[in-house]
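Asks: Sequence:
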Amino acid sequence: MSIDVLTETVIARPVAEVAAYAGDPSNAPTWYANIESVEWETPPPMRVGARLAFVAHFLGRRLAYTYEVIALEPGRSLVMRTAQGPFPMETSYRWEPTAEGHTRMSLRNRGNPRGFSRLMGLFMGPAVRRANTKDLAALKRLLEGRAGA
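The working numbering numbers the first residue of the sequence shown as 100 and each following residue consecutively.
Heads up, none of these hints are tricks.
Calculated cross-link-like contacts (lysine to aspartate or glutamate; reagent style DMTMM-like; alpha-carbon spacing at most 25 Å):
no.: 1; residue 1: LYS239; residue 2: GLU107
no.: 2; residue 1: LYS239; residue 2: GLU135
no.: 3; residue 1: LYS239; residue 2: GLU195
no.: 4; residue 1: LYS233; residue 2: GLU243
no.: 5; residue 1: LYS233; residue 2: ASP123
no.: 6; residue 1: LYS239; residue 2: ASP123
no.: 7; residue 1: LYS233; residue 2: GLU138
Computed beta-carbon distance windows for the label pairs:
no.: 8; residue 1: GLU138; residue 2: GLU199; range: 34 to 44 Å
no.: 9; residue 1: PRO225; residue 2: ARG161; range: 17 to 27 Å
no.: 10; residue 1: GLU243; residue 2: GLY174; range: 11 to 21 Å
no.: 11; residue 1: GLU167; residue 2: GLU135; range: 16 to 26 Å
Read the hints as simulated data drawn from the structure, not as lab findings. A virtual CB, placed ideally from N, CA and C, is assigned to each residue, including glycine.
Required output: the full structure, derived from the provided sequences and hints.
Replies: Here it is as structure tokens:
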């Protein structure tokens, strides 16, 4: 069973600021509750082909996986994919300006659980949606709290 979860929020900060912060995987542990660490396997900066090792916890399991950047439009979008582990995943970020000068950020996760995770497929979509909603809320609080800083 595959999942495809799209979550969005509006952050009262300019697109360039939101994209620069959220698009830097080194910042992921500060706003993703389930991400414990991120290490660059290729030297920064972000670019197509960059590889990043993530350690996360999800549904009571420790997950270690490597994302590869497969598409990047600086300040507009970022797509990363992994084929490793029990839950191969593609994660996409999109940043768009609103009429008020804020940022609409979209976070999309698509994947096909296999093995044990396949049995959990019915629960994974809603669990990913809940986690993404909380993570985007944390990012919003973090970046809006930096306003004027």
